[in-house]
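Protein chains in written order, with my numbering: chain A, 1 to 115; chain B, 1 to 114.
Treat the hints with care, since some could be wrong.
[Said to hold, decoys possible] Some chain A residues close to chain B (C-beta under 8 Å, calculated; not the full set):
1. P40
2. S42
3. E44
4. F47
5. Y50
6. G52
7. E56
8. R95
9. Y97
10. I103
11. G108
12. R110
13. I113
Keep in mind the hints are simulated off the structure, nothing from the lab. We put the CB at the ideal spot given by N, CA and C, even for glycine.
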Amino acid sequence: AQKITQTQPGMFVQEKEAVTLDCTYDTSDQSYGLFWYKQPSSGEMIFLIYQGSYDEQNATEGRYSLNFQKARKSANLVISASQLGDSAMYFCAMREYYRDDKIIFGKGTRLHILP
Amino acid sequence: KAGVTQTPRYLIKTRGQQVTLSCSPISGHRSVSWYQQTPGQGLQFLFEYFSETQRNKGNFPGRFSGRQFSNSRSEMNVSTLELGDSALYLCASSLTGRTNEKLFFGSGTQLSVL
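Chain B with its partners taken away, still in its complex shape:
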């Protein structure tokens, strides 16, 4: 069974640009969640999607958005990039997103904003 796939692995952008990250969950998993990891703030929850609907959202500005498609694949978009958006962005999937379910993570997208 293929794991969670995130593309691209690395991205370099400049301030003001926008970026789209992609996540393909494990087959059969309907919940996808996104996380930002930085040395200063650690791992922070961005949002969770289940059956194409955003079910939960972290404390991030509106520049961070996402969506989920009918095949459960998800994309995350960051508009008007800032230097502070440089981070490892991790995607995780689970069967239904129930609170006690373990998450399966991808290897992440390393975003550098110059």
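Just chain A, same shape as in the assembly:
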């Protein structure tokens, strides 16, 4: 069963607009961590943001914020004021603290920022 679902294979967004990338996850573990990574065409994955399952506040890192809705098992990434350099693949990932501790990635969303 797929544990991380990213339903948007591709998105086109106008520069300076905000964009939300969807991510839902499935786990029976109470303790887990959720990550977002960006992969530009160079191939190197870049960490964006982390949310722990017990964190009460939504995580923020500069222009990135994570809209964490635990009951709905959703961890959407919000990028405010998008820039041309945000064009890349975005991966949502999860690590379960006790069950497995292996990081699992979603299939990714290809984001295109239009000038």
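Given the structure of chain A, go ahead and fit chain B onto it with the hints provided.
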């Protein structure tokens, strides 16, 4: 501070051969993990090493193996290559490999099996 370095950047091999990929983590990082990325299967965890010991392993056949040296550098080996092993192989490092630690990735090795 130098990032994660993977060598070589590109590799072309034929079926049945074996290949060794190298990864040098960020200085001070003791955990190294490996991932396979393909268009069909996406990003999949291969294994993780910490202090020269394999701490976790993904669902890959025994043809995929790895090791870590005392300086935290890691190598990954694939024996008896198959066409389906063509992929981008990414290495990542972190300080201790704790679950909430962010990973620092290298640029990957693009392996093509002909």
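Here is what the structure says about each hint:
no.: 1; hint: P40; verdict: 10 Å, violated
no.: 2; hint: S42; verdict: 6 Å, holds
no.: 3; hint: E44; verdict: 5 Å, holds
no.: 4; hint: F47; verdict: 4 Å, holds
no.: 5; hint: Y50; verdict: 6 Å, holds
no.: 6; hint: G52; verdict: 6 Å, holds
no.: 7; hint: E56; verdict: 15 Å, violated
no.: 8; hint: R95; verdict: 5 Å, holds
no.: 9; hint: Y97; verdict: 5 Å, holds
no.: 10; hint: I103; verdict: 6 Å, holds
no.: 11; hint: G108; verdict: 7 Å, holds
no.: 12; hint: R110; verdict: 12 Å, violated
no.: 13; hint: I113; verdict: 22 Å, violated
The structure fails to meet hints 1, 7, 12 and 13 from the earlier list, while all remaining hints are met.
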